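Line by line, the protein sequences give chains B and L. Going by the working numbering, the first sequence opens with residue 6, and the numbers climb by one from there. Going by the working numbering, the second sequence opens with residue 240, and the numbers climb by one from there.
Some hints could be false.
[As the list claims (entries may be wrong)] Derived pair list, reagent style DMTMM-like, types lysine to aspartate or glutamate, alpha-carbon separation capped at 25 Å:
| no. | chain 1 | residue 1 | chain 2 | residue 2 |
| --- | --- | --- | --- | --- |
| 1 | L | K246 | B | D56 |
| 2 | L | K378 | L | E310 |
| 3 | L | K463 | B | E204 |
| 4 | B | K34 | B | D280 |
| 5 | L | K378 | B | E342 |
| 6 | B | K540 | B | D165 |
| 7 | L | K246 | B | D165 |
| 8 | L | K463 | B | E212 |
[To be verified] Residues from chain L that face chain B, not an exhaustive set, calculated with beta carbons under 7 Å:
| no. | residue |
| --- | --- |
| 9 | Q255 |
| 10 | V377 |
| 11 | T388 |
[As the list claims (entries may be wrong)] Only part of the chain B face toward chain L is listed, based on derived beta-carbon distances under 7 Å:
| no. | residue |
| --- | --- |
| 12 | L52 |
| 13 | T73 |
| 14 | I138 |
| 15 | V143 |
| 16 | V208 |
| 17 | L218 |
| 18 | A219 |
| 19 | P251 |
| 20 | G344 |
| 21 | E356 |
| 22 | G480 |
| 23 | H482 |
| 24 | N542 |
| 25 | Y543 |
| 26 | E546 |
| 27 | A548 |
These are computed hints drawn from the structure, not numbers from a lab. Predicted, not measured: the structure shown is a model, and the values here were computed from it. Ideal Cβ positions, reconstructed from N, Cα and C, are used throughout, including at glycine.
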Amino acid sequence: MLQLALTLILYLILVIPVGRYLYHIAAGKHTFADPVLDRVDGIIYKLSGVDPRKGMSWKQYAMALIGTNAVMMVLGYLILRIQSLPLLNPNGIEGMDPALAFNTIISFMTNTNLQHYAGESGLSYLSQMLVIIFMMFVSAASGYAACVAFIRGLAGKSKDNVGNFFADLVRITTRVLLPFSLAGGLLLVWQGVPQNFSENVVVQTLEGTYQVLAMGPVAALEIIKHLGTNGGGFFGANSATPMENPTVLSNLIELYSMMLLPGACVITFGKMVGDGRRQQQKNKTPENLLPAHREGITARLFGQEGRSIFLAMGILFLAGLSLCYWAEMQGNPALAEIGLSQAAGSMEGKEVRFGVAQSALFTTVTTSFTTGTVNNMHDTLTPLGGMVPLLQMMLNCVFGGKGVGLMNMILYAILAVFICGLMVGRTPEYLGKKIEGREMKLTALAIIIHPLLILSFSALAVATAAGQAGVTNPGFHGLSQVLYEYASSAANNGSGFEGLADNTLFWNITTGIVMFLGRYLPIVIQLAIAGSLMKKNYINESAGTLRTSTASFAVILVFVVYIFAALTFFPALALGPISEHLTLWG
Amino acid sequence: MNETTNKSTFFHSLRQSLVVTLILLLLCGFVFPVLLSGISVVIFPSQAGGSLVYAGGQAVGSATVGQDFAEPYFMKGRPSACNYNTYSLDEQGNPYYNDGSEFSGLRTGSDNYAPSNPALTERVEADIEAFLEANPDVKREDIPADLMTASGSGLDPHITPESARIQVPALAAASGLSEEELEQIVEANTEGKLFGIFGEETVNVLGVNLDIAHAMGLVGDVNK
C-alpha cells in the first residue's frame, strides 16, 4: 500500500515540470534547449520544404496527419515483408506474411501495438528498429500533434489556424521524445536491459544443458515503448521479461515514462486554455471585466480547466487501481481449494520481483494511459482484477494515450455540460463557447464509435467459427478474452489476454480494421469539433454558467463517464468477468 | 483555386510527408538505437551485453534470466511455460527440454491459464505433489504460492525468500553442504526492497546455485 501511495505522490510532483515543458513546446514558447534544437529543426524544415509558421485549418491538419501516416504505413509494410534480407538480421528471421504485416503495421502506426507475432521469433533487428522503434516515435508524435491542434482550437486564439502539423510532429520528436528516450534508455541499460546488435547467445549451464539468451537493441525499444504510450514489447511476454524490465527500479522508470506525458498533456491544456481566457479578458472594455479573483496554487500549476479534468481522471484511475489491487490480493480460490496458500495474493502470471502491488499498479496504468505494455499476464488476473484493465480501456479517457485520452475526456466534458444544461434548461457552454447542435452531434458520434466497434466486432467473433477458434480459456473467461482483444484494439491500447490464439486471418484483419477506425475516426471528428468551436465568439460568463473548473464538475464528469460505460458495456461485463467471479467464489 | 494550384499543393504536401518521414525514419529508427548502443557499451558494457555471469571463466547464464534446474542439489525456480529456454541435445543433436518434450526455439511468456481454467489447477496439483516428494519435510500448506505458479515471462530469475528456505533441508541432504552454509548462501543472494519500500524481497536462483556449485567444488571462481 505504502509503495503505491508513494509512487503516485512522486508522480504528482514530477508531472508538473514536465507539463510546463510540454506547454512551452506546444505554445511555441522559449525552452532552454532552443539554441541547439532550433538548428536541428531548421535543417529538417529546409530539407522537407516545411514552413513551420504556415498555419493550417483543421481540415488541412487532419489531411496532413492522415497523409503522412499513410506514407509511413506503406514504407513500414514493405520493410516487414522483406525483413528476411541478411541486413541486421543475425538470428535469420523470415519475412512476415501479408495478413500479419497488415495487422502489425496498422497496430504500430495507430499507437496500438497489438502484437500477433512474438518479437523474439518474428522480427529481425532491422524491423525492430526501422519499423517498430520508428513508428513508436512517430505514432506518439502524431497523437500528440492532433491533441495540440485540438487544444489550440479550444483555446481559441485564432478563428481557423490550428497550427502546422509537420512542425508539431518534428518539434515533439526532437524536443521531447528523442532526448527523454536517450536519458531513459541509458537508465534502463544501467538496470540491466540489453542494448546490442549481437545474435542470441547460447551458454552451457551448470548442469551441462544449454540455454539460449535473447539479445538485441532492447533498451532503445523499451524506453520509447513507454514514453510514447505504445506498448509493444521486444519479446512476446513484454515488460514481464527480465530482459525488458529486470528490476523494480526499471519498473518504476517504465511506469513514469508512460504516465508523465499524458498527464502533462492535461496541464498543457489547462495552461493554453487559461492563456486564451486571459487574452480574451484583456480585449474587454473595463466595465465588462469580471472581478479578478486570486488563483490558488493548483489552478496555477495545472490551469483552472486542466485541474478539474486532471481530478476527474485521477478519481477514475484510483477507483480502478483499488479494485485491481484488492482483487489480486484475494488470491485464487480454486488454488486455495487444493491447498496452495494464497496469502501473497494471486501469483500466477506475475513476477516475484514485482509482486501483487507493482503488478496491479502497472496493469491499471498501462490500460488507463493506454500504453498496452504488461509486466504480468493479464489473462491470468483474477476475474475482477482483469475487469479493471478491460474497463479502463472501455472508458478510454482516464489520462489515455499520448493526447488522445485528453481529447476523449473533453468530449465527455462537453457531454456533461450538455446534460447539466438540459437539467436547468439553458444552452450549454464550455470554455466560453456555446455548445450547439453541430458540436453535440459530432460529440455523440465520436463517443458512440468506441462501444460500437468493441461490441459489434465481439459479437461477430463469438458468432463465427473463425472467431471462436481463437478462444483458449473455457467458460465465461473465453468471452472476456474476445472483449479484451477488441477493447484493446479500439482504445489503441495493445495489451491482450494473450492466451487468445490471434495470429489468424480472422483476428488479424478484424482487429486491424478496429484499430484503424478506432484511431482515425475520433481524431478527425474531434478536430472538426475544435474547428467548429473556434469559429464562435466568446460569450460572457453569467450567474447561470456552469463553472467547469470546479471539483464538483470533476465529480459530475466521473459520473457521466461511468453512467455512459454502464449503459453500453455492463451487459457484456456481466457475461464475462462478473460471471467468472461469481462461479469462482460461489 | 484552379486545378494546377490544387495539384501543386497536393504534390507539395506529399513531398513534405515523404521527406519528413524519411528524416524521422533515419533519426528515430537508426541514429537513436545506434547512439544508445554506443554510449551503453562504453558506460555499462556488462548490462548492454546481457549481464552474463561466469563460472571458471565460462558464461553459464545471465544474472537477470532464470534457468531450469533438474539436479537434486540445485535450488528450483518457478514453473515456466517455456522451460526457461533451457535444453539438452540428444545423440542426433536434436534439442529437447528437461521434461523430454521437443525444444521449440527461443520463447517468452506463460500458459495464460485463466484463474477458472481447470488446466491451471491440474498443473499446480501435479507440481505440488512432485515438490512434496522431493522435499519430504515440507507440509503442503507451507509451500509459498510463487513456487507453484508460473511467472508471466517464463524467465523469472527469482523466488521469494520463503520459497528458498523451505528447499534448504532437501538441498542439504543432496549436496552434502550444511543447512547453515546453505542458509548463508540464500542470504547472500537475497535482495531487499528498493529503499525498503518498493517491490518485493527476492532470491536469485541462479546466484544460489552458482554458490552451491562452487562450495561443492564443481566449478572454479564465480563472477556474478
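The hints, checked one at a time:
| no. | hint | in the structure |
| --- | --- | --- |
| 1 | K246/L - D56/B | 19 Å, holds |
| 2 | K378/L - E310/L | 22 Å, holds |
| 3 | K463/L - E204/B | 22 Å, holds |
| 4 | K34/B - D280/B | 12 Å, holds |
| 5 | K378/L - E342/B | 15 Å, holds |
| 6 | K540/B - D165/B | 7 Å, holds |
| 7 | K246/L - D165/B | 23 Å, holds |
| 8 | K463/L - E212/B | 17 Å, holds |
| 9 | Q255 | 5 Å, holds |
| 10 | V377 | 12 Å, violated |
| 11 | T388 | 4 Å, holds |
| 12 | L52 | 6 Å, holds |
| 13 | T73 | 4 Å, holds |
| 14 | I138 | 5 Å, holds |
| 15 | V143 | 6 Å, holds |
| 16 | V208 | 5 Å, holds |
| 17 | L218 | 5 Å, holds |
| 18 | A219 | 6 Å, holds |
| 19 | P251 | 4 Å, holds |
| 20 | G344 | 5 Å, holds |
| 21 | E356 | 5 Å, holds |
| 22 | G480 | 6 Å, holds |
| 23 | H482 | 4 Å, holds |
| 24 | N542 | 28 Å, violated |
| 25 | Y543 | 31 Å, violated |
| 26 | E546 | 40 Å, violated |
| 27 | A548 | 47 Å, violated |
Violated hints, in rising order: 10, 24, 25, 26 and 27; the structure is consistent with all others.
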